[in-house]
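Whole structure, please, built from the sequences with the hints as guidance.
Those protein sequences? They're chains A and B, same order as listed.
Numbered according to our numbering, the first sequence spans residues 1 to 157.
Numbered according to our numbering, the second sequence spans residues 1 to 157.
A couple of the hints might just be wrong.
A short, non-exhaustive set of chain B residues, derived as facing chain A with CB atoms under 7 Å [said to hold, decoys possible]:
| hint | residue |
| --- | --- |
| 1 | I11 |
| 2 | L77 |
| 3 | V79 |
| 4 | N86 |
| 5 | D119 |
| 6 | Q140 |
| 7 | V144 |
| 8 | C148 |
Source of the hints: derived by calculation from the structure; they are not laboratory data.
Glycine is no exception: its CB is placed at the ideal position from the N, C-alpha and C atoms.
Residues per chain, in single letters:
Protein chains: 2
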Amino acid sequence: MSTCHNHQHCIDSALNNAENLCQAAGARLTPLRKQVLELIWQSHKPMGAYDLINMLADVSEKTIAPPTVYRALDFLLEVGLIHRINSLNAYIGCMEPSTKHPSYFLICTQCHTASECNDNGLSEQINNLSQENDFVIEKQWLEVLGLCRNCQIQTSV
Amino acid sequence: MSTCHNHQHCIDSALNNAENLCQAAGARLTPLRKQVLELIWQSHKPMGAYDLINMLADVSEKTIAPPTVYRALDFLLEVGLIHRINSLNAYIGCMEPSTKHPSYFLICTQCHTASECNDNGLSEQINNLSQENDFVIEKQWLEVLGLCRNCQIQTSV
DNA sequence: GACCTATTTGTTATTTTATAACATTTGATG
DNA sequence: CATCAAATGTTATAAAATAACAAATAGGTC
Numbered sequence: 001m002s003t004c005h006n007h008q009h010c011i012d013s014a015l016n017n018a019e020n021l022c023q024a025a026g027a028r029l030t031p032l033r034k035q036v037l038e039l040i041w042q043s044h045k046p047m048g049a050y051d052l053i054n055m056l057a058d059v060s061e062k063t064i065a066p067p068t069v070y071r072a073l074d075f076l077l078e079v080g081l082i083h084r085i086n087s088l089n090a091y092i093g094c095m096e097p098s099t100k101h102p103s104y105f106l107i108c109t110q111c112h113t114a115s116e117c118n119d120n121g122l123s124e125q126i127n128n129l130s131q132e133n134d135f136v137i138e139k140q141w142l143e144v145l146g147l148c149r150n151c152q153i154q155t156s157v
Numbered sequence: 001m002s003t004c005h006n007h008q009h010c011i012d013s014a015l016n017n018a019e020n021l022c023q024a025a026g027a028r029l030t031p032l033r034k035q036v037l038e039l040i041w042q043s044h045k046p047m048g049a050y051d052l053i054n055m056l057a058d059v060s061e062k063t064i065a066p067p068t069v070y071r072a073l074d075f076l077l078e079v080g081l082i083h084r085i086n087s088l089n090a091y092i093g094c095m096e097p098s099t100k101h102p103s104y105f106l107i108c109t110q111c112h113t114a115s116e117c118n119d120n121g122l123s124e125q126i127n128n129l130s131q132e133n134d135f136v137i138e139k140q141w142l143e144v145l146g147l148c149r150n151c152q153i154q155t156s157v
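Written out as structure tokens, the structure reads:
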């Protein structure tokens with residue numbers, strides 16, 4: 001991903017965004033939570049909880065137990081700053097945390113990049129489908145696994 | 001679910017279907033695999049692997065180790081006789097195993113009934129979205145959590 | 001600032017879900 | 001009936017997540 005955009009800028013803006021959102025919502029983006037969010041934003045690939053634990057241990061020079069990270073993840077999920085990729089047991093930064101929205105992802109099985117696609121047409125279709133079934137939506141996840149543009153090229157060479 | 005249809009018929013037809021499909025595909029629906037499929041079809045609720053292990057232990061009077069069940073589940077997933085509900089780490093019988101198709105589910109958070117909805121419009125929408133992103137689909141899952149008709153009524157009383 | 005309370009984080013142990021590695025059995029085929 | 005591949009059994013372990021309780025810390029109130 002660092003090939004096609006300035007990723008440091010990406011991280012910075014995500015963190016700034018997070019600060020603002022939390023402030024507005026009266027939620028506390030503590031150092032730990034911010035650190036976890038920052039680690040998640042290191043890449044555009046979904047990151048496992050235990051990956052984060054290891055990264056935290058590396059950074060902070062003290063071991064971090066699972067509950068610590070899971071609580072930070074729960075907070076970030078709750079506030080909408082990250083999404084969970086269920087098919088991978090992994091977590092990824094939200095591209096548009098300012099508005100609550102469903103979690104739709106295209107996930108490359110080769111390079112593991114996950115790209116969020118907030119598609120209104122798709123949302124409507126799912127809303128309609130739910131209405132037809134008298135079903136009231138609480139949460140929703142779409143996970144599409146496959147090959148991204150880049151990896152199709154690599155693979156076909 | 002047993003309230004609105006003859007569930008034994010449901011199970012029977014699923015098992016028959018499975019027999020035929022496996023025969024046609026040259027896949028072996030062994031007694032164990034059939035038994036696991038039958039247990040999964042006991043309800044329209046997603047069933048955990050360890051639930052199945054316990055049920056098998058009850059039925060067969062001998063303990064069944066995890067790998068045994070997971071291998072049966074892998075087989076059934078492979079052939080397309082069941083789906084995995086990633087958000088619940090659980091497995092459920094496929095309603096239309098004769099054709100390969102994506103896994104779209106409405107899952108009630110109250111009664112835990114999961115209903116598969118094979119919607120072409122939705123499929124097309126997702127295909128379009130993928131094409132726009134030059135993404136080649138391998139697998140896909142949609143999981144919508146919420147309240148089914150019945151449970152809305154129960155809840156609002 | 002001192003005190004109180006709620007929130008957050010630390011810590012230990014355990015649960016839940018899934019797989020690795022190797023042994024044994026079964027079943028189709030020559 | 002001998003052989004080989006596929007399926008199942010067995011033991012141990014990995015990976016993901018949570019329960020339960022203790023300690024620390026941030027905000028609000030006097």
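So, going through the hints one by one against the coordinates:
1. Interface hint at I11/B: violated, since its Cβ lies 23 Å from the closest Cβ of chain A, which is beyond the 7 Å cut-off.
2. The interface hint given for L77/B is broken, as the beta carbon of that residue sits about 13 Å from the closest beta carbon of chain A, more than 7 Å.
3. Interface restraint check for V79/B: the shortest CB-CB distance to chain A comes to about 19 Å, outside 7 Å, so the restraint is violated.
4. Here the hint on N86/B is kept, as its CB sits about 4 Å from the closest CB of chain A, short of 7 Å.
5. The interface hint given for D119/B holds, since its Cβ lies 5 Å from the closest Cβ of chain A, which is under the 7 Å cut-off.
6. The beta carbon of Q140/B is positioned within 7 Å of a beta carbon in chain A (closest approach about 4 Å), and the interface hint is therefore held.
7. Checking V144/B against chain A by beta carbon gives a least distance of about 4 Å; that is within 7 Å, so the hint holds.
8. For C148/B, the interface hint holds, since its Cβ comes within 7 Å of a Cβ in chain A; the closest pair sits about 6 Å apart.
Violated hints, in rising order: 1, 2, 3; the structure is consistent with all others.
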